[in-house]
Amino acid sequence: MVKKKIAKVLAFRYKILAAILILLAGGLVLLPKYQKHEGIKPEELLSNSISPERYMTTDRLAHIIINQDPSFILIDVRDEKSFASYTLPNAINIPLEKLFDEGSDNYLNQNQYDVVLFSNDNFYADQAWILCNRLGYKHMRVLKGGINEWFTTIINPLKPADNMPATDFELYATRKAASMFFGVVYPEQVKVEAPKIVKKVAPKKVITIEKKKKAPAEGGC
Amino acid sequence: MKELEKTKRISIAAVLFILAVIIGLLTYKRPKNTYAINTKSTLEKLTSENYLVALNELNNPDYVLIDIRNQYDFDKGHLENAINVYAAEILSEDNIKVFEELKENNKTAVLYGNNPQEPNAPFLILYQLGYENIKLLAIENSYLQNKLITKNSEIEKSETDVTAFINESIKKANTAPIVKVVVAPPKKVITVEKKKKAPAEGGC
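Chains as they are written, first to last, in this note's numbering: chain A, 1 to 221; chain B, 1 to 204.
To be clear, the hints were calculated from the coordinates, so they are not data collected in a lab.
These figures come from a predicted structure and were not determined experimentally.
Glycine included, every Cβ here is placed at the ideal spot set by N, Cα and C.
Heads up, a few of these hints could be off.
Facing chain B, according to a computed beta carbon distance under 7 Å, are these residues of chain A, among others [to be verified]:
id: 1; residue: E38
id: 2; residue: Y86
id: 3; residue: E97
id: 4; residue: S119
id: 5; residue: F123
id: 6; residue: Y124
id: 7; residue: Q127
id: 8; residue: L135
id: 9; residue: F151
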């Protein structure tokens, strides 16, 4: 009798095992609760976002833009209105509230380019950076000081006083040259530039003609 | 006989499997801090809710000031009744307890630093951990003769209209160049003169 009963139960043994596995698999249903826990650990995120590593100075960015470095994308996280009134050359507008909209992923989550986020100061850009960093997006930078800093250092650099060190004057010279690149015109710059343009056009033609005339004349002697 | 061996193997496998599961469950450590909301809803909340506090709103009895600067700066000078929680240690057990307690007592933690950017990261991280009772004090601290001076600071304020500045600079500069351009042509004449000189020398 007992044997018969055991045999009966044993006949279902594979089904029982399968049922156990299915039950365990059912546990996975409970996991979606942890989807909220996407991204890197909070501790890691904290240490990343406290470190000033992500910041890029305006001087460095100006250098990059002037040299037309193709490995950088500039992203403006301000609203459309500010974007329309002024932005950095070739910047793309992704307002903060649309950061995770479809399409912006192509710019943010990739390995080909370095992304530089900027806003008026670096408050919104920082927030965008922190959220992206949590998702593990790499190669993200933030423009330190944002557009306000960009204006005071690159567009309208402060002329150093006479008693300041030579490095300050060098810095001022490069910044001033950069500001000219970005469209600012200085009154004294016009004096220099106007003859320059003439020189550039005229001499080129003249020199080639001179050479031609010189060569046969000398040969004639 | 064969059947018996089969069951033996299966039971051994089953026991091992269950053991592995049990060991896995026992050793699984729940992370101390877990996010309560994902990035998308964080962003939504962040852009729709007002989390900024100005200086004159501080007399709300529900507000508890939290200074996220380091101990040295805190000792040098801080706002009245502020608690010092250094930004880098904000997720340590003791500090999380502070925020937990504030949440239970329905108080609001107001974070501040030397400028509004400083408490931004700690604020956003705690926000994502589910502490919704967190605000950010938009102030700027500076020292004058070792005395802390605090003033309101507007976040993301556009200080200057850059386009207007550039246009202005072009306008200013454009008053002069018209004269300068006129001066330029004579130089062309000079270069033409040089041409004549050159073949003459070669001819000798």
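Status of the hints after comparison with the structure:
Among the interface hints, the one on E38 (chain A) holds; its C-beta lies about 5 Å from the nearest C-beta in chain B, closer than the 7 Å criterion. Because the smallest distance between the Cβ of Y86 (chain A) and any Cβ of chain B comes to about 4 Å, under 7 Å, the interface hint for this residue holds. About 4 Å separates the beta-carbon of E97 (chain A) from the nearest beta-carbon of chain B, less than 7 Å, and the hint is met. With its C-beta approaching chain B no nearer than about 6 Å, S119 (chain A) sits inside the 7 Å limit, and its interface hint holds.
The beta carbon of F123 (chain A) is positioned within 7 Å of a beta carbon in chain B (closest approach about 5 Å), and the interface hint is therefore held. For Y124 (chain A), the shortest C-beta to C-beta distance to chain B is roughly 6 Å, which falls under 7 Å, so the interface hint holds. With a least beta-carbon distance of about 6 Å to chain B, the hint placing Q127 (chain A) at the interface is held under the 7 Å criterion. At about 6 Å, the closest approach between the beta carbon of L135 (chain A) and any beta carbon in chain B falls short of 7 Å, and the interface hint on this residue holds.
With 7 Å as the threshold, the beta carbon of F151 (chain A) comes within range of chain B, its nearest partner Cβ sitting at about 5 Å, so the hint holds.
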